[in-house]
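Starting from the structure of chain A, add chains B, C and D where the hints point.
As given, the protein sequences belong to chains A, B, C and D, one line each in that order. Read in order, the letters of the first sequence correspond to residues 1 to 462 in this note's numbering. Read in order, the letters of the second sequence correspond to residues 1 to 462 in this note's numbering. Read in order, the letters of the third sequence correspond to residues 1 to 462 in this note's numbering. Read in order, the letters of the fourth sequence correspond to residues 1 to 462 in this note's numbering.
Possibly wrong hints are sitting among the right ones.
No distinction is drawn between identical chains; accordingly, a pair holds when it is met within one copy or between any pair of copies.
[To be verified] The list that follows gives simulated cross-link-like pairs (lysine to any residue, SDA-like), each with its CA atoms no further than 20 Å apart:
id: 1; residue 1: K277; residue 2: R196
id: 2; residue 1: K193; residue 2: G285
id: 3; residue 1: K446; residue 2: F287
id: 4; residue 1: K151; residue 2: D108
id: 5; residue 1: K151; residue 2: R111
id: 6; residue 1: K151; residue 2: R110
id: 7; residue 1: K78; residue 2: P155
id: 8; residue 1: K193; residue 2: G205
id: 9; residue 1: K97; residue 2: G450
id: 10; residue 1: K97; residue 2: D108
id: 11; residue 1: K97; residue 2: A117
id: 12; residue 1: K97; residue 2: P187
id: 13; residue 1: K446; residue 2: G285
id: 14; residue 1: K378; residue 2: Q291
id: 15; residue 1: K78; residue 2: E192
id: 16; residue 1: K277; residue 2: P382
id: 17; residue 1: K325; residue 2: T266
id: 18; residue 1: K97; residue 2: R111
id: 19; residue 1: K97; residue 2: R110
The hints are simulated quantities; they were obtained by calculation from the structure and are not laboratory data. From a predicted model like this one, the values you see are computed outputs, not experimental measurements.
Protein chains: 4
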Amino acid sequence: MARRRAGATAIVSFLGDLLLNIADRGRALVGLRRAAALGVADILRLADALMSNRGEASGVALARDILSGYAALSEADKTAVLIGFAEGFGPPMDRLKAAAEAFLAEPDPRRAAAVFACAEPRRQELVRRLNLAPGATYALVLMRADLLERKAAHPALAAFDEDFVHLFSAWFNRGFLVLRQIQWSSPASILEKIIRYEAVHAIAGWDDLRRRLEPQDRRLFAFFHPALADEPLIFVEVALTDSVPAAIQPLLDAPSGQAATKAPTTAVFYSISNAQKGLAGISFGNFLIKQVVEDLKRETPGLTTFVTLSPAPGFAAWLAEERAKPASDFILPEDARALALLDKPGWAHKSGAAEAVERALAPIAAAYFLRARTPSGKPVDPVARFHLGNGARLDRLNPLGDRSPRGLAQSHGLMVNYRYELAEIEQNHEAFAARGEIAASSAVRKLLRGKSVASDLLASLS
Amino acid sequence: MARRRAGATAIVSFLGDLLLNIADRGRALVGLRRAAALGVADILRLADALMSNRGEASGVALARDILSGYAALSEADKTAVLIGFAEGFGPPMDRLKAAAEAFLAEPDPRRAAAVFACAEPRRQELVRRLNLAPGATYALVLMRADLLERKAAHPALAAFDEDFVHLFSAWFNRGFLVLRQIQWSSPASILEKIIRYEAVHAIAGWDDLRRRLEPQDRRLFAFFHPALADEPLIFVEVALTDSVPAAIQPLLDAPSGQAATKAPTTAVFYSISNAQKGLAGISFGNFLIKQVVEDLKRETPGLTTFVTLSPAPGFAAWLAEERAKPASDFILPEDARALALLDKPGWAHKSGAAEAVERALAPIAAAYFLRARTPSGKPVDPVARFHLGNGARLDRLNPLGDRSPRGLAQSHGLMVNYRYELAEIEQNHEAFAARGEIAASSAVRKLLRGKSVASDLLASLS
Amino acid sequence: MARRRAGATAIVSFLGDLLLNIADRGRALVGLRRAAALGVADILRLADALMSNRGEASGVALARDILSGYAALSEADKTAVLIGFAEGFGPPMDRLKAAAEAFLAEPDPRRAAAVFACAEPRRQELVRRLNLAPGATYALVLMRADLLERKAAHPALAAFDEDFVHLFSAWFNRGFLVLRQIQWSSPASILEKIIRYEAVHAIAGWDDLRRRLEPQDRRLFAFFHPALADEPLIFVEVALTDSVPAAIQPLLDAPSGQAATKAPTTAVFYSISNAQKGLAGISFGNFLIKQVVEDLKRETPGLTTFVTLSPAPGFAAWLAEERAKPASDFILPEDARALALLDKPGWAHKSGAAEAVERALAPIAAAYFLRARTPSGKPVDPVARFHLGNGARLDRLNPLGDRSPRGLAQSHGLMVNYRYELAEIEQNHEAFAARGEIAASSAVRKLLRGKSVASDLLASLS
Amino acid sequence: MARRRAGATAIVSFLGDLLLNIADRGRALVGLRRAAALGVADILRLADALMSNRGEASGVALARDILSGYAALSEADKTAVLIGFAEGFGPPMDRLKAAAEAFLAEPDPRRAAAVFACAEPRRQELVRRLNLAPGATYALVLMRADLLERKAAHPALAAFDEDFVHLFSAWFNRGFLVLRQIQWSSPASILEKIIRYEAVHAIAGWDDLRRRLEPQDRRLFAFFHPALADEPLIFVEVALTDSVPAAIQPLLDAPSGQAATKAPTTAVFYSISNAQKGLAGISFGNFLIKQVVEDLKRETPGLTTFVTLSPAPGFAAWLAEERAKPASDFILPEDARALALLDKPGWAHKSGAAEAVERALAPIAAAYFLRARTPSGKPVDPVARFHLGNGARLDRLNPLGDRSPRGLAQSHGLMVNYRYELAEIEQNHEAFAARGEIAASSAVRKLLRGKSVASDLLASLS
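If we strip away everything but chain A, and leave its shape as in the complex, we get (with noise of 0.2 Å):
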């Protein structure tokens, strides 16, 4: 593109031109050919013109070559790039300094403003501009995916990432989701992600989709954001039913044979899967359960439970740990002969086995939930810490409630119903977020050894 003065009149090839534009006007922009690959230094170089005068004429022309250049990246040459960001799009230090000094002098609100507008990194400028171009803010959530992947491996990449977090936590707030039903009527291009991302009773096709969706008692909830209208954020799998359910597979088989219920009174959140890896820790399941169950409420009022059917992902593992110590605090000696039936392969199909292993796993799976603390204080289970911070309540444990070769893997079957009752849920959270106290029903509590059930309860009620 020949450079012109300023002020002169020209025939210009607007079409020409305008084609350029949509096509590589941002590498034009910054001497680099059409239809060569970018580089590390090319992308580089085209983020500090982004970031330039030139970035405010043209920005929407260099955030689309910057992303897409970066997404043809190799993997290593994607590291180069991010942790070029990192380094390279830093805050002022200099005005950081002298504004961190100034208030130091004098604390007062302006001075403080003063030091927040210093001590933004320019990081955050960098992607706000490159959200300009079509189709960014996927891309941007594909680039943090990357970013967290390479987390531990470049400590440089920290600080990028809470730059991130500091800006999908305004763009991704709640108030901009959008609750969306999915059926089988939804785009197909939705109904394969469903398929792809969901996360924990693996869909295995078109088919069991189906089963999913279609049936009167079934429902799927997924929340989407405007700017990435077919990818799901979260998305929770429901079933409507008439009593709570111990067992998962009753709830995935086919429900040809049996008849739907045609008054539900209980709805079960079976299956809760974050769809985007690149949007980890910006949180939006506790809306999304409380914004279904509202939602639920409306479409069926004849509903008056609401529970999951949960996995206890950490038990397993848990469990071995505390066997291998030489005295632990929840296994007792007597425990030992049930206990060791879990090393057989195929106990959990023997009902002599499994009832003994019932049995013997009740208390120790009570104790897994109610006593075992991280050494931060809070519950071992995953799981178990998204719910109960979300105001719900244990309410009931399902040993051999999944008897799937991964169910017995990871919690040798056990499965749990968290009960959510709008009534309790603030007060459950606020003694759990402040106190670290474990709501929980007193089926759960009775299953508990020893002397210490006494001092639960007590603690549950102060």
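Below, chains B, C and D alone, put in the same frame as chain A:
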């Protein structure tokens, strides 16, 4: 709502709670009665709750109550709430001090990030949480409009406004805006807002609006945000013609008499209106024009010229000032007689007077755009600053382009064509942003008087 | 378009042909020039081509040219074309004669079917083929409106009208109609048609329309046909109230002063308008009311009463006739003084006169509805025929329900409530259709004078 | 539902009635119990009610009950109901006789119209009234599919089928059909029907379907009717290529290996499927192809060639018949050895045998299309009749174009390209329809053997 012990099972009137939740749960959480109007102190207390653990569990209800309570307040009480937010939700000063000291002791990216985290006023999280409520985004845009009205009188609000700018810049990033053409078949509820928000050439009613939408040679485009589905953010009105128009009235008059141009070559942007006071300073006008240029070019490939027909809103006031000066740099003694005509009502409709004024004003107007500057070195005219800043070129001056009372009052009828030439936009923008240079056609430059013509020209070539 | 031998390969200017096809192919087929306006003979020639083999291959283009050519004709030429269609495209008389003879010789279903096939006028196939063109359905509805205007003057058109009725009854079968609620957020292009087509209580403009759409207690429903997407076929305006209204003005006035009823019990159908003259006699009004009753009931379960507030458009004319008779069956000598007041302008706004008239008119109005009959035995009032035929009950007479000039002119202000009681609709309809019995409340019956009260009542019980 | 006297006011359980109305009102009207299944006699009784006065008031409920009752019947009972409709709802024979006599006495248009009115079987009104129920149109299409299955065995049904044809021709007039492109983002509930209805080249599952939808060079278009929103009526699959393809397998195989043509010149219609058995004989295939040609041309202006790649489903059967004849007009003695190869399994995959067969079949196939005729003088091949009747030209024969088992079985692998040349369509159609002439390329004609080549050619030029 009675408190219940965690873990106790209870027969709950679920539906009642649900309705309570929908209507008044927020208030109930902080002990407020259902029906009563909320006062300033109530709202500040609800905001405290929203920022606490409790807010995490019941944020939607609290946010809704705060926003609806605020909306119902008197003007004076709104001021009190805004100041309450501004002063009560600043950054954590002690932690910020510590972080600043640590950073200054050893300035590195990690410590800079810590400063950024501590420097963020808690107001930003407050606003993010308020955005949980349905319809909150628009309510927050209105809240900022309230704040802007009060900012001059209440300096404490300035920092709060910076928080809004920070968040709105993320929320209203161009990547999230949707361009839509507004047509006569668009919802009446949106059309009535176009009538109300048109800020440049008032729309006299539905028939007048129809004249700007329905003819084959008229277009109206607006940016929308998904969370503000029925509220245009900014819109531009376009006429397709076969030449660059010099006056506005023929464009606004009913085009019934004359057929639309069969093969238009020129798109005239004859009105651009910001629709939301609460989004002042969140810039998207430049994106709007460039996007519309691309869309029109695709729809009607024959278009080769993209110009505005713009007002010069600062001209009359500036001229009055210059005339009042003992010695103006821009007015010559020989101009006096013609300028005196401006003081006689009706001059614009008398051909002799109008011609004399036109002749006299041409060089003065050229100087107004090309030489007159604000103390910070920018053009005096706000519309000029906008279009030149976008990379447009000052293409033609049209004295008596607008003989309406308003046009005569603000600019003695002067209108301007700015031209968007895609091949120039970037360098025009850069020259303007970096060096204050103004891109102008030779036709406009030739109107300038005196020795400085050459130097102006030279400047433009440097 | 040059003729080419079949089988020869030829480099064809395909795009040119395509455009020709879109614009003028139909005309080209019968040797007409592109730009020229079509005359009556041209259109009839195109219609011949459309009915030939040629029409099968190029029907869309021919149909479009015929319809657009027809639309551009003068009124007189339209008459000529309609008569040309009516006379030139009748049934195949010779084949019909043969089929009729064969049928009469041996009347069986097969021969009856042959008669049906031969008796179908070729006009029906013509209209079906005309419907191939884009937008044709609406054009054909307009063509029938033209025909209806001319039917009285041109008897030859009567048979053509029967063809339209036959086809439109199939096309506009209720199964194909879509009920949509019209709201303030509906397209302005539809709303302006509501303003234009309202036939009962004129809408004074956009603000007036808004008063009928936006308040919480107002609804407007319309039937649409998929092929006439922007053209309502019929629409009904509804007010939700807490009692049965006796006068129209309070409903039409701005409801700003008073809040909408919180818990409405009554849906008032206060205006029903047919929008398409060309669909006269294709009945869907009864379906509209019943469908709206069902939809409102689902939306607002508290509604228990569904009534109209209807005009009595034939009353004043009928009364004038009765008064002119030497001896009326319905007017008593003692009515004379009160009725004389009707001839004095302004009586309706003077309380003494108004009361006297009201008293005198009540029994006469009751007789107008319950006893007066057309020669064919139906009620005199056309609105009464519609609602009673739908199965509604005559519920209440409201003298001075409409004091507008129009209301006074057509019925001396009389308005009527017809009630749709779902449990009665079927038997009311049957009694009316089979035996001419009129369902009426006892309140209305009691207004009747003289010995025949008992016999009327008896009739209704039989 | 208790009967109540007209005019009596009564506290009615309105909601109950409403629900009754929605569920079972139709049955109640004729005294049937709610839950019981309907028998043949019940349905015929409901149909009588639907045609009575009662039907006018409660038609929707009656129609729904008849259609759902019918759908639940056994196959034998369905036959009985269809015969019941056919025999019980014929035309009014006495009135028809009178009208026929009056017409024959004095044949004029008015009397012809009276004959038409009386000759219409009451079945047509029955079907129109059945169409009142929600979803009725599709139910009626299925009912006609039932009828077609039974038509051969039950001659009484023939006349009923003519009624369906008459009504469906009006309902499914091309003016009411909507062309939609089916994509991978279309509803899965529609896509599964494409998989099910594909009649030419079976779709093996979701991945196979995706290969026909998602690649840049593939398209699938379908006609829909507004009242059958989720049911395609007919659809066509298209590949965009840069040459006319001679074989189907490369088109059906995964296009993963090779990139899509950048600048396609040719649109290949490689599969056309009717989706609704109940719409047999209601022709819209020709409209579909022409509309798709127009749409593709607009979307991709570079397309210049529109051809099919079609099967020759009648060829193998015809050839077997000819070979069985003592003396065939189309087979020469020297063909015998090559044709004998056809009887040896696997010949199509052995290059020597395949070549020999190809050579021998070429002239025979040309004769199959150009000379062989049905008793009524039409081409033997049904696909040829369709495309030649639409005005296409027989462009190229492709022996071994389809080596799939099905392709070999029905046509020894023979496939055909028909070309749609817009400039020829009309005259091709006319020559074919009026004189039975077949448009064919010279390449195909040259394949013919013997003296008749010249005469064939002459015929085509006449």
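Original post:
Against which earlier hints does the structure fall short, listed by number upward?
Top reply: 3, 9, 12, 13, 14, 15, 17
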